[in-house]
Amino acid sequence: MFSKGTKRKFSDGGEEISDESLLGARVASSYSLQRQSLLDMSLIKLQLCHMLVEPNLCRSVLIANTVRQIQEEMTHDGSWHMVTEAFCSAGQSPSERLVATEVLCRSREQDAEPKLFSVISYEGCCEEEVVADETLCSVSVSDTVSNVCLAGRMGQCWEKSELSGIERDEEALEDSRLGSGEEEEIDTEDGASTESPKTIGQVFGTFEIKNGSPGPDSALEELFSDVDTSYYDLDTMLTGMQSAPKMGPYDLLDSLAPSHSSPSIVSTPNCRSDLNELDHIMEIIVGS
Amino acid sequence: VPAGIVGGGRVGGGNDFQWCFSQVKGAIDEDVAEADIISTVEFNCSGELLATGDKGGRVVIFQREQESKNRLLSRGEYNVYSTFQSHEPEFDYLKSLEIEEKINKIRWLPQQNAAHFLLSANDKTIKLWKISERDKRAEGYNLKDEDGRLRDQFRITTLRVPVLMPMDLMVEASPRRIFANAHTYHINSISVNSDYETYLSADDLRINLWHLEITDRSFNIVDIKPANMEELTEVITAAECHPHQCNVFVYSSSKGTIRLCDMRAAALCDRHSKFFEEPEDPSSRSFFSEIISSISDVKFSHSGRYMMTRDYLSVKVWDLNMENRPVETYQVHEYLRSKLCSLYENDCIFDKFECCWNGSDSAIMTGSYNNFFRMFDRNTRRDITLEASRENSKPRAMLKPRKVCTGGKRKKDEISVDSLDFNKKILHTAWHPKENVIAVAATNNLYIFQDKIN
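Residue numbers (my numbering), protein chains in the order written: chain D, 1 to 288; chain X, 1 to 454.
FYI, nobody ran anything at the bench for these hints, they're computed from the structure. Model, not experiment: these values are computed from the prediction. Hints are supplied without guarantee of correctness; some may be wrong.
What the hints assert, rightly or not - Footprint (simulated), chain D over chain X, 3 or more residues, beta carbon under 8 Å:
id: 1; region: 234-241
id: 2; region: 284-290
id: 3; region: 300-307
As the list claims (entries may be wrong) - Listed below are the simulated DMTMM-like cross-link pairs for lysine to aspartate or glutamate, each with C-alpha atoms no more than 25 Å apart in a straight line:
id: 4; chain 1: X; residue 1: LYS127; chain 2: X; residue 2: GLU77
id: 5; chain 1: X; residue 1: LYS102; chain 2: D; residue 2: GLU54
id: 6; chain 1: X; residue 1: LYS55; chain 2: D; residue 2: GLU73
id: 7; chain 1: X; residue 1: LYS255; chain 2: D; residue 2: GLU73
id: 8; chain 1: X; residue 1: LYS400; chain 2: X; residue 2: ASP421
id: 9; chain 1: X; residue 1: LYS95; chain 2: D; residue 2: GLU72
id: 10; chain 1: X; residue 1: LYS425; chain 2: D; residue 2: GLU72
id: 11; chain 1: X; residue 1: LYS400; chain 2: X; residue 2: GLU435
id: 12; chain 1: X; residue 1: LYS452; chain 2: X; residue 2: ASP351
id: 13; chain 1: X; residue 1: LYS255; chain 2: X; residue 2: ASP281
id: 14; chain 1: X; residue 1: LYS127; chain 2: X; residue 2: ASP152
id: 15; chain 1: X; residue 1: LYS225; chain 2: D; residue 2: GLU54
id: 16; chain 1: X; residue 1: LYS55; chain 2: X; residue 2: ASP451
id: 17; chain 1: X; residue 1: LYS255; chain 2: D; residue 2: GLU277
id: 18; chain 1: X; residue 1: LYS127; chain 2: D; residue 2: GLU54
id: 19; chain 1: X; residue 1: LYS255; chain 2: X; residue 2: GLU231
id: 20; chain 1: X; residue 1: LYS55; chain 2: X; residue 2: ASP29
id: 21; chain 1: X; residue 1: LYS127; chain 2: X; residue 2: GLU231
id: 22; chain 1: X; residue 1: LYS255; chain 2: D; residue 2: GLU72
id: 23; chain 1: X; residue 1: LYS425; chain 2: X; residue 2: GLU414
id: 24; chain 1: X; residue 1: LYS425; chain 2: X; residue 2: ASP451
id: 25; chain 1: X; residue 1: LYS394; chain 2: X; residue 2: GLU90
id: 26; chain 1: X; residue 1: LYS409; chain 2: X; residue 2: ASP421
id: 27; chain 1: X; residue 1: LYS55; chain 2: X; residue 2: ASP31
id: 28; chain 1: X; residue 1: LYS394; chain 2: X; residue 2: GLU100
id: 29; chain 1: X; residue 1: LYS102; chain 2: X; residue 2: ASP92
id: 30; chain 1: X; residue 1: LYS130; chain 2: X; residue 2: ASP145
id: 31; chain 1: X; residue 1: LYS424; chain 2: D; residue 2: GLU277
id: 32; chain 1: X; residue 1: LYS352; chain 2: D; residue 2: GLU54
id: 33; chain 1: X; residue 1: LYS127; chain 2: X; residue 2: GLU67
id: 34; chain 1: X; residue 1: LYS255; chain 2: X; residue 2: GLU277
id: 35; chain 1: X; residue 1: LYS394; chain 2: X; residue 2: ASP421
id: 36; chain 1: X; residue 1: LYS352; chain 2: X; residue 2: ASP413
What the hints assert, rightly or not - On the chain X side, residues computed to face chain D include the following (Cβ under 8 Å):
id: 37; residue: ASP31
id: 38; residue: THR157
id: 39; residue: THR158
id: 40; residue: LEU159
Heads up, the beta-carbon is just placed ideally off N, CA and C, and yes, glycines get one too.
Okay, chain D solo, but in the shape it has when bound (with noise of 0.2 Å):
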């Protein structure tokens, strides 16, 4: 907010910045920073979904379906080319890209609809922007928007009631190919509930805001600088309800932290595991 007196700064088109519109563009950014947020737990959810004995196909159903919501809504509002960007800069080598894009394609042989995800290449950071601005242009609206490297995940997930040991075989073959970190997941599959980190990291390879790199000038970082990420304005921004009271000190979110003996809300001991988990996760992806 400006103060009487003060000099207001004009931005580079000579517009005036006015209250409103800056008020407008942080609760913007907040709002596509939580939208992020909801998508990297659904992801995290889907991940280990995918690492429990007998998935629950609904659960993972409604989850992969929001996470499709998101990502459509992120495409038409132009915020998907930022987190493809992100990958630019945060400093992976090419080798590493390959591994990412092995992801994304392995499923879509014969899919002729224009691949979201399909801006995440080899080539350069250069072409890869341009492949971005091509490729989301040319991005049809619907709710069969395939997904690429969702679908190979959320596939995967799906087929593992299906599958025969032979299946099974054979896409553990498949992930082998894809580097350690995939065989690593298979062996989780078996029971273990614990992930290393280089795991994740390339399983949810497009959705990895920092590769490992320690480096602070990614672009995200920036974004993630002021901004205040408590879970209950995600509540109220993302379920529609913009002018909800905002309840008492206690948190609803809060209190799902482990380190909270809330009594009122006790977790379950998987629901407890998995948070635990959650936050080991969360801190990897946030860098913090």
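Please arrange chain X on chain D, whose structure you already have, making use of the hints.
Chain X alone, transformed into the frame defined by chain D:
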């Protein structure tokens, strides 16, 4: 114990009754054993028997004791009648997957002789159980002793006819049919057809029709599995046979739609006869809209004219003759709408609540969190929130209506949304088919409530 009449009292929300505590079954321990968590509750057709299934694969059947003339102020209590292990955990070696023994559904068959029959289902297998009583045994065999040992032949000097003598009542449960290997995905529903010969079982993607006598094959009547699993966006969440028309059944989906199918139309009922869906309110659209529209339970009314669906925040009553919107909508816990993101994170948003009708279809009941459950009177449009808790479990204690405070100043006796215990969820409730007796499953405890007799 003679009970005094408790005077006055407010009129309860549902049916003008005053709901009172009757019994609670289960351990009092704060530490809940996972296997003891009740996963299904069902009265039989007469209401004499009440069955529960749990995560440990066990079925416990309670029987109502005969009403005695002395106990004027309370109806018969339910006592344990039979307990048996219905399903065991299995391991699918081909897929390297464990198959849980948790009982997903129990459905009683109509009683046709002295024995009782029920179907119990876990994720993959359905079993038909026969529960029968034995209260006599034959005594006086010629060739063997009372304890079964062969008698010494030289000792046998006379011929006698064995006589049936009374013995202590023994209730035996035996598996009569095992319907296996027909479901690739997890079974979520079973429903006995009104022809009493067939029943359907539904998993996430398919519905099968069985004959009760035939276990080695079933008809697939609905299949929504896409050729390419990556195109999967919708699953089957519940299914039920029409109570009177044996050719009609419905199934609900994760997208909030219900399809009514007629088995006379085609062998494979992929094309529905009726399609029920309420148009979405665009002003309340959010990323969670689809998830909360997913239907967790569908139940026909006893009359067969209506059906009820439960989604995450509401219960809807549909007239089978009107497909474009429900005739009644009841909000179960609207105060959770602003908490959907947290509920998504802790997975509570995926909880599958059931719902049920009372015997006359004038009231409906469903569960919520914090061990609350809700009842709606369809005629008076009144609703009530009650709690299943040990604190309110004195014999014949009246249940006090509960209220959730949604903001602003919290009144005395109200509970704020942030204080709700989301681990205490009431997913399974059942209403006696003829009387105002309800069974409410609260984690590992089964509560039975009755209306007050004046």
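X/LYS255 and X/GLU277 were given as a pair; does the straight-line alpha-carbon distance stay at or below 25 Å? 9 Å, holds
Within the assertion that chain D covers the region 234-241 of chain X, do at least three residues meet a Cβ-to-Cβ distance smaller than 8 Å? Answer holds; 3 residues pass the 8 Å Cβ test.
Can you confirm whether the C-alpha distance between X/LYS95 and D/GLU72 stays at or below 25 Å? 34 Å, violated
Against the 25 Å threshold, does the CA-CA distance of X/LYS55 and X/ASP31 hold or violate the hint? Holds: X/LYS55 and X/ASP31 sit about 15 Å apart, inside 25 Å.
Double-check X/THR157 for me: the hint is only fine if its C-beta lies closer than 8 Å to a C-beta in chain D. 66 Å, violated
Need the status of pair X/LYS452, X/ASP351: alpha-carbon distance at most 25 Å? Violated, at roughly 32 Å.
Given the hint that X/LYS127 pairs with X/GLU77, test it: the Cα-Cα distance must not exceed 25 Å. Measuring from Cα to Cα gives roughly 28 Å; hence the hint is violated.
Starting from X/LYS127, check that the Cα of X/GLU231 is at most 25 Å away, please. This hinted pair is violated, its Cα atoms lying about 33 Å apart.
Restraint check for X/LYS127 with X/GLU67, where alpha carbons must lie at most 25 Å apart: 32 Å, violated
Restraint status (C-alpha distance of X/LYS55 to X/ASP451 at most 25 Å): With Cα atoms ~30 Å apart, X/LYS55 and X/ASP451 exceed 25 Å; violated.
Are the Cα atoms of X/LYS255 and D/GLU277 separated by 25 Å or less? Between X/LYS255 and D/GLU277 the Cα gap is close to 30 Å, so the pair fails against 25 Å, i.e. violated.
Would you check the hint for X/LYS394 and X/GLU90, treating anything up to 25 Å between C-alpha atoms as holding? The given pair, whose Cα atoms are some 41 Å apart, is violated under the 25 Å limit.
The structure shown violates the earlier hints numbered 3, 4, 6, 9, 10, 12, 14, 16, 17, 21, 25, 28, 30, 33, 36, 37, 38, 39 and 40.
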